[in-house]
Amino acid sequence: MGLLHFEQLANNLPESFWLIDIATKQVVFVNEAYERLWGGRMEDLRRDRFSWLSCVHPDDRPRLRRVIAENRFGGVNETLRALHPDGSVRWLQLRSFAMADDHGRIHSVGGIALDITQVVAQRDELSASIAINRSILDALPAHIALLDQDGCILAVNAGWRQFAEENDYPDDTAGVGLNYLSLCASSGVATAESSAHIEAGLRAVLDGRQSEYSTVYPCHGNTTERWFRLLATPLHNPGRGAVVMHINVTESVKAERQLAQAAHYDALTGLPNRLLVKDRIEQALAAANRQHTKVAVLVIDLDRFKLVNDTFGHGVGDALLVAAADRIATALRESDTVGRMGADEFAIVIPDLESSEDAAMAAQRIMDALARPIHAEGQELYAQASVGIALFPEDGSEAQTLIRNADTAMYRAKEVGRNNLQFYTASLNARAQGQLQMVIDLRRALERDEFCLHYQPKVSCVSGEIVGFEALLRWQHPTLGLVPPDRFIPLLEDTGGIIPVGAWVLRQACDQAVAWHRLGVGTPSVAVNLSVRQLQQSDLVALIRDELARSGLDPAALELEITESMLMHNVEDSIATLDALKQLGVRISVDDFGTGYSSLSYLKRFPLDSVKVDRSFVQDIVADPGDVSITRAVITLAHNLKLRVVAEGVETEAQLALLASNGCDEIQGYYFSRPIPVAETEAMLLAGRCLPANLLHAHGTHLPAAEALPSLAVPAAPMSTPTTGGLQGLLSRTVLDVTQEVLNFFPWPMLGVDENGLVIAINPQAGNWLGNAALLGEAARDCLPEPLLGILALRDSRPRRVIIAHHAHHVFCRPLGTAEQPRGWLLIALPEERS
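Using the numbering used here, you'd call the opening residue of the sequence shown number 69 and step up by one each time.
Where hints are given, some of them may not hold.
27 Å max Cα-Cα, derived DSS-like pairs, lysine-lysine [said to hold, decoys possible]:
1. Lys-482 - Lys-362
2. Lys-650 - Lys-322
3. Lys-710 - Lys-672
4. Lys-710 - Lys-650
5. Lys-650 - Lys-672
The calculated label-pair distances, taken between Cβ atoms and stated as ranges, are [claimed, not checked]:
6. Pro-552 - Pro-286: 44 to 54 Å
7. Lys-672 - Asp-275: 30 to 40 Å
8. Val-639 - Ser-279: 21 to 31 Å
9. Asn-812 - Pro-552: 51 to 61 Å
10. Pro-552 - Gly-835: 49 to 59 Å
Keep in mind that the hints were calculated from the coordinates and are not lab data. Heads up, the beta-carbon is just placed ideally off N, CA and C, and yes, glycines get one too.
Full structure from sequences and hints, please.
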């Protein structure tokens, strides 16, 4: 019964099992699983104990013969392939062992074969998946490392390894096995404070207390300046570690610095400009409020500076301004601020003032410094200055008020003979009496029909044709005549009269635009300026909607102009209001662009159609390289944000030619026409007046050279892994989990296609671009647009321009793995403005 039970048990085991008697060298037992696993017959094995070798794959037989010869009494542990008569192959794990009696004498050798065919197939599939995912990570334009929960580097991609080689890492491990937190602390690329901040952020990610950590840090070489963005995110399961990416953002940082410099500093003198001066005043006022001290604001204007420009030219005039700026700065304390407000006007901020006499003494030192001869471009010049002084808290509690009052005092200094200083005092308020009377008259002007609109044409730099008009308010006063806008519009703003007057302007402008369209000479748009108070109106959107419906004007023919500073007054409310206006179909433009505080991050959030370059940049654009650079930067920035660019204040042919050659879309200014009454606009349209054809510029889009995107040139190389026990299993799962996470961090559309033509990776940006996020596992030929299939077929790393869903991109094709033996291809699509 014992032997019978044994045979029944053995024959029901899934493993193949047999026994060989050492004395007779015969197989004394083999179970039925042998024929199913090996593909041979049990009778053959009983006759010849080596007959199983005939079932082994020919490539495996020599190894098995050698192993059996070396382990005659057990100890074999080998993987092999069994070749069945029908041609199928099964993977087996073969083990042999010795069997001894009670005295330890070996009498038999047993053998067991386990079917591992499915395990091998799963292993191969996993290995292939790991390889393709590693290839994707290697092809990404970033330095990537995988960390364990303690911050030790488990693996790095090709970009990381290349960076390590280029920067002389001490060994060839590229940091694998080292603690990343310790590397950050000892790198010396940041201050101790910022290093501590980086370490704390990374630790929070590793501990699962923070879903993401990002910072920009400097990593300068011996001769180059570089900045990188560090982005760390935890793996899916807490405690498993994190993925760290370093992305080269040097060009972005430099561009932002240059833009900040251009936006807040005067290009000629290097002094703070009007924006920064105002900011310094506000800082000084905040400190003075806390410390109960005084602040002085001085406005300085060089007397008869225009005569210098007219006599000696702008070169000498510029040299005089630079020298004057230096003289003024040397006459002040380090804690004081001197800035250039524009042209020949400077402003001084003196904080921590004890008395008004101290401000007068500072002004006198400045005038004395300017009185000494100045040598400019071979000319000996003498500069005189008129100085106006306003004090906090006596003359105002806000920066703009103090600047205005100091400016008023400066003009008083000019009136009384120049080259002197004047305080803003109560006596100057006498002038305000005239302003008060004007406010009274303004309240009656609308009902007396004293307002009218003049229109200034906006002209295309491409076609030369009139494309629209800006509606400009004029006041025909019964006794003062035509009052300049800068005298009465601020009063309308201050008194709230701009609300009813603004509604009147909107109605008149819409009706006039409809009248132009009926002339049959095109469909010029009309631009209406909105004030701060109007933008804050709760019923503004409804008012504009009703006027469009009443007049029948196409919403696309109405443009609303809002100054840059207005947008930044209350960003979130401004965005909400503009979004609602945009839903009506009207166009929105930023006026006086370049004079406000708006940043790129905010500007991208506004639903804008165009920007108007402030006339202060256009005025000296021909003579001032700084203004050229700023204007070119504004045009480039606007076009990258898909905005049209309008330059206002264009007065000369040279200004027009320079703007057109730099890609400006439209111009407006006295060169073409000053603001004119309605009747003259109709005559101008009927006459078909245009810009001179020789000054026009046809826009084109230029495909950037491949070297314009150096950060994408990441070599394809295998991902580095440590060889310590147990890491391979962790790394296999990690790579599979991380690849998609890493792709998701990039702002550009990316998708991977393997060597069989299947989509194996896609980020949300690519899904949005292609209009289908569910492409994983699909055949590329069935789901990708023809332009992308063409790029895959070419397998050329050069950028190719494609247009999909009306969006132009430059698409790069990168091999997954080596270029000689790619495992697939990664498509990276950069939006055309990014390229």
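We went through each hint and held it up to the structure:
Distance check on the hinted pair: Lys-482 and Lys-362 sit about 26 Å apart at the alpha-carbon level, within 27 Å; holds. Of the pairs offered as hints, the one joining Lys-650 and Lys-322 is violated, with about 33 Å between alpha carbons and a cut-off of 27 Å exceeded. At roughly 10 Å between alpha-carbon atoms, Lys-710 and Lys-672 fall within 27 Å of each other, so this suggested pair holds. At most 27 Å may separate the alpha-carbon atoms for a hinted pair to count; Lys-710 and Lys-650 meet this at roughly 16 Å.
Note on Lys-650 and Lys-672: the hinted pairing holds, with a Cα-Cα distance of about 15 Å set against a maximum of 27 Å. Between Pro-552 and Pro-286, the C-beta spacing of about 51 Å keeps the proposed range 44 to 54 Å intact. For Lys-672 and Asp-275, the hinted distance range of 30 to 40 Å is satisfied, since their beta carbons lie about 34 Å from each other. For Val-639 and Ser-279, the hinted distance range of 21 to 31 Å is satisfied, since their beta carbons lie about 25 Å from each other.
Asn-812 and Pro-552 have their C-beta atoms about 57 Å apart, which keeps the hinted 51 to 61 Å range intact. For Pro-552 and Gly-835, the Cβ-Cβ distance of about 56 Å falls inside the hinted range of 49 to 59 Å, so the restraint holds.
In terms of the numbered hints stated before, the structure departs from hint 2 and from no other.
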